[in-house]
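Q: Take the sequences, apply the hints, and build the full model.
Going line by line, the protein sequences match chains Y and P. Here the first sequence stands for residues 107 to 632, numbered as in this note's numbering. Here the second sequence stands for residues -19 to 304, numbered as in this note's numbering.
None of these hints come from the bench; they were simulated from the model. Heads up, some of the hints might be wrong.
[Stated by the list, open to error] Computed Cβ-Cβ distance ranges for the label pairs, DEER-style:
hint : chain 1 : residue 1 : chain 2 : residue 2 : range
1    : Y       : D578      : P       : W45       : 55 to 63 Å
2    : Y       : K249      : P       : E28       : 19 to 27 Å
3    : Y       : K249      : P       : D37       : 25 to 33 Å
[As the list claims (entries may be wrong)] List of simulated lysine to aspartate or glutamate pairs, DMTMM-like, C-alpha gap at most 25 Å:
hint : chain 1 : residue 1 : chain 2 : residue 2
4    : Y       : K273      : P       : D163
5    : Y       : K516      : P       : D33
6    : Y       : K516      : P       : E42
7    : Y       : K516      : P       : D37
8    : Y       : K547      : P       : E28
9    : Y       : K611      : P       : D163
10   : Y       : K281      : P       : D148
11   : Y       : K231      : P       : E28
12   : Y       : K570      : P       : D12
13   : Y       : K270      : P       : D33
14   : Y       : K516      : P       : E28
15   : Y       : K317      : P       : D37
16   : Y       : K246      : P       : D23
17   : Y       : K233      : P       : D33
18   : Y       : K547      : P       : D163
[Unchecked claim] With the Cβ distance kept under 7 Å, some of the chain Y side facing chain P (calculated, not the full set):
hint : residue
19   : N148
20   : L149
21   : N218
22   : P223
23   : S224
24   : K321
25   : S331
26   : A332
27   : A503
28   : G507
29   : K547
30   : A553
Values in this document were obtained by computation on a predicted structure and should not be read as measured data. Each residue gets a CB set at the ideal place from its N, CA and C atoms; glycine is no exception.
The primary structure of each chain is shown beneath.
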Amino acid sequence: MKLKHIITMSVAAIGLSFAANAAELRVGLQSEPSSIDPHYHNLGPNNGFATHIFGALVGSDENQQHFPDLAVSWKPVDETTWEFKLRQGVKWHDGSAFTADDVLFTAERAQNVPNSPSSFVTYLKGKTFSKIDDHTIHIKTAKPYPLMPNDMTTVKIISAKAGKGAKTEDYNSGKATIGTGPYKFVEWVPGDRIVLQRYDDYHGTKAAFDKVTFKPIKSGPARISALLAGDVDFIDNVPPLDVARLKKDKSVQLSSGPSNRVIYLHMDQFREDSPHIKAKDGGPIKNPLMDARVRKAISLSINRDAIVERVMEGIAVPAGQLLPAGFHGVSPNMKPDPYDPKMAKKLMAEAGYADGFKMVIHGPNDRYINDAKIAEALAQMLNRVGIEASVETMTKAVYFGRASRGGPDKSPEFSFMLLGWGAGSGEASSPLKALLHTYDKSKGMGAANRGRHSDPAVDTLVQKALATVDADARGKLLAAATEKAVGENYGVIPMHYQVNTWAAKAGFKYQPRTDERTIVMGLSAN
Amino acid sequence: MTAFILRRSLQSIIVLLVMSLIVFVGVNLVGDPVDMLINPEADQLEIERVIRDLGLDRPVAEQYWYFMVNAFQGDLGRSFVFGEPALKLIIQRMPATMELALFSLLIAISFGIPLGVYAGLKPHSKISRTIMAGSILGFSMPTFWVGIILIMFFSVHLGWLPSTGRGDVATYFGITSSIFTLDGLSHIFLPAFNLALFKLSSVIRLARAGTREVILQDYIKFARAKGLSETRIIRVHLLKNIMIPIVTVIGLEFGSLIAFSTVTETVFAWPGMGKLIIDAIYNLDRPIVVAYLMIIVLIFVTLNLIVDILYSVLDPRVRIKGVS
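A: Below, the structure written as structure tokens:
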């Protein structure tokens, strides 16, 4: 056994010395991007992957903090105009120079990709780009807009020369895939592999590997065994069940860190007669979830530590608000609610529900880490304070549609649901705007407010924050909005922050990312 | 004969039409693909645009009508996720699945027949009992689990074979396949064996049953009496006669080998149609699901037709029935 270990170690050491010369890296990915076109599909796997090949004006690091990428500096020059100074001397993969024209071309194209199942209009609409000189651009909005740098982290800049008239197919084939990123595109065989090659003229820290091959391996056990068998060097989304075992394995190096994704509960707050809530005897009952005291009682009856310890195998962080500490706009005053079933029962009695009620908890069973198990544990905890909760989970393809629009008149169908929210912009404004602002189609607010929580005071705070360019002032407004909407109103109940785990072969370490993305620039030899 | 083929073809077309209706309505009643596709941060207007662009705001009957009109022009719709024609995506991945299915068929035959014949010739030996017990296991163990176990043993523990993906491909005689390279062969062996296990077991059982029956026939006794060698008896007189049911079953089941490669392809991350369909089902990529099922139905219908025609050629009784 000892000898075997020595041999393994020396083999690993040889591997390391090769790695210093940076040979090839093979990555096992859970989700394959649906296209190489950086503007075709605005979704996590695509946006994360595109970072290897393409740059954005503003970079987003592992904690979603901004750093200069294709723009070296940015600032508001008046109430409604942002100025971006572009980096000089950046060369595209085809050798041509990067200028403001490329940015203007990108802004136009990214909003108009045919057949796009989710477009970048979300980040670009209402913005007018203009070129001041070859390396300066202005972006104008109708109203003061503080999230400009955040939005500019999402849109990847493409070459105007290579992208002229190019379709999504031309990016998939590589014909138009010319970026400024640390890796050049080589080939994509859908379902099999994506191959990238180091770009020697990259303007930032040069790539660590000559060649990177991404292999989509959807099944968790298969991904782990591919790593153990040495067929890949690095995998993402390690299932929590395997973490304890892999920790003991010397040939594997785990990296995990909390994400920007909070797992939370949304509660029907707009129907007097909620479809999945009944009195204990099965008769009708006035929707108890409309009473903030009941919502608080539910929060107090959740033993978050027990869920993290037993259901999540210790791999999660109890949550008291919408984003973990460190993000912009989180409140310094809010802690996770304590487990206090006595107080919960008292609050239920005060609200007039001393006898409890019957309720169905709806949740997905294949979207978040251990989602169905969380719902079951939750039901047991609620039963202890007199809420007779049953659980109904379903596949995400069915669940989210019903949760958003399954009821009459395309209203949310469920009464009490388990959901998750990742703050793409890295700011508390993202969940506040989408989950807790009053549902308002004309303003584009509350789009994911499936409980239809509505409080004018919260709306005012959120809107004010979204129009405040000064970062500190905005942060305070967002924190105040969170304290009101979550801390007082219990508009949603946060449960925990998801923790993501990556695994690399020994000798490599990944810098975990809060946006859950797998980007090989974060992988280093240690 | 011509009338028979014509009538069968007509029946096949009706089956295809009925299937298209069932499949289309079926997948359109389940779930909502919009939330699978769109970025959660999108606002209401963007969500509505996507619903409109994908045609999901129309009634199912109208969507089906458009599907049929396009289908007759050879267009089975565009993938929601990839934005490319569903048929193109499936055909792109078909060679990988075909080579996997053919290779596992080869494994099933080349291991199944000798083992089955041996078990039939010496039914009471310990080895035969082991073979038969093994075939029961092959029938009853879940493919996913066996796949993982194969990987853990051959790839992780022994390190002999790669655990994931398809190997290098090479082109010979106009066919591009990974079985022409050593790397490709090493990649295909485990998934093909995993997929073959079920078929292997049925071939063993069929070969054994056939052998047990044929070995008692008069012509075998006569051949023995003539003093022919045992190998010649087995090769010429026995094998020829047990092959008829085996060939029938293998022919008919080849379709299911393709259709059920999904699990194996998922475990071994094999870039074939099966993995595409599983992903499409999870993401509710309806056009791919519909197109895939149509293709599978077409394969089954065609295989059945071929088997029927072969039967009517081989067996006069079937032909008479068919013509009447």
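Q: Given a cut of 7 Å on the nearest C-beta pair, is the interface hint for P223 of chain Y held or broken against chain P?
A: 4 Å, holds
Q: Do the numbers back the hint for A503 of chain Y, that is, is its least Cβ distance to chain P under 7 Å?
A: Because about 4 Å separates A503 of chain Y from the closest Cβ in chain P, which is inside the 7 Å limit, the hint holds.
Q: Do the Cβ positions of K249 of chain Y and D37 of chain P conform to the proposed distance bound of 25 to 33 Å?
A: The hinted range 25 to 33 Å holds for K249 of chain Y and D37 of chain P, with Cβ atoms some 31 Å apart.
Q: Given the hint that K547 of chain Y pairs with E28 of chain P, does the C-alpha gap stay at or below 25 Å?
A: 10 Å, holds
Q: Would you mind confirming whether the straight-line C-alpha gap from K516 of chain Y to D33 of chain P stays at or under 25 Å?
A: Holds, at roughly 18 Å.
Q: Holds or violated: the hint that N218 of chain Y contacts chain P, with Cβ atoms closer than 7 Å.
A: 12 Å, violated
Q: That 55 to 63 Å hint for D578 of chain Y and W45 of chain P (C-beta), does it hold up?
A: 58 Å, holds
Q: Can A332 of chain Y be said to touch chain P, with a Cβ gap under 7 Å?
A: Since chain P brings a Cβ to about 4 Å from A332 of chain Y, closer than 7 Å, the hint holds.
Q: Hey, K516 of chain Y versus D37 of chain P, does the alpha-carbon distance stay inside 25 Å?
A: Holds. K516 of chain Y to D37 of chain P sits at ~12 Å (cutoff 25 Å).
Q: Starting from K231 of chain Y, check that the Cα of E28 of chain P is at most 25 Å away, please.
A: 15 Å, holds
Q: Determine whether the Cβ-Cβ distance between K249 of chain Y and E28 of chain P falls within the hinted range of 19 to 27 Å.
A: The hint (19 to 27 Å, Cβ to Cβ) holds, given that K249 of chain Y and E28 of chain P are roughly 23 Å apart.
Q: Using Cβ atoms only, decide whether S331 of chain Y comes closer than 7 Å to chain P, and label the hint accordingly.
A: 5 Å, holds
Taken one by one, the earlier hints fail for this structure at numbers 4, 12, 15, 18, 21, listed in ascending order.
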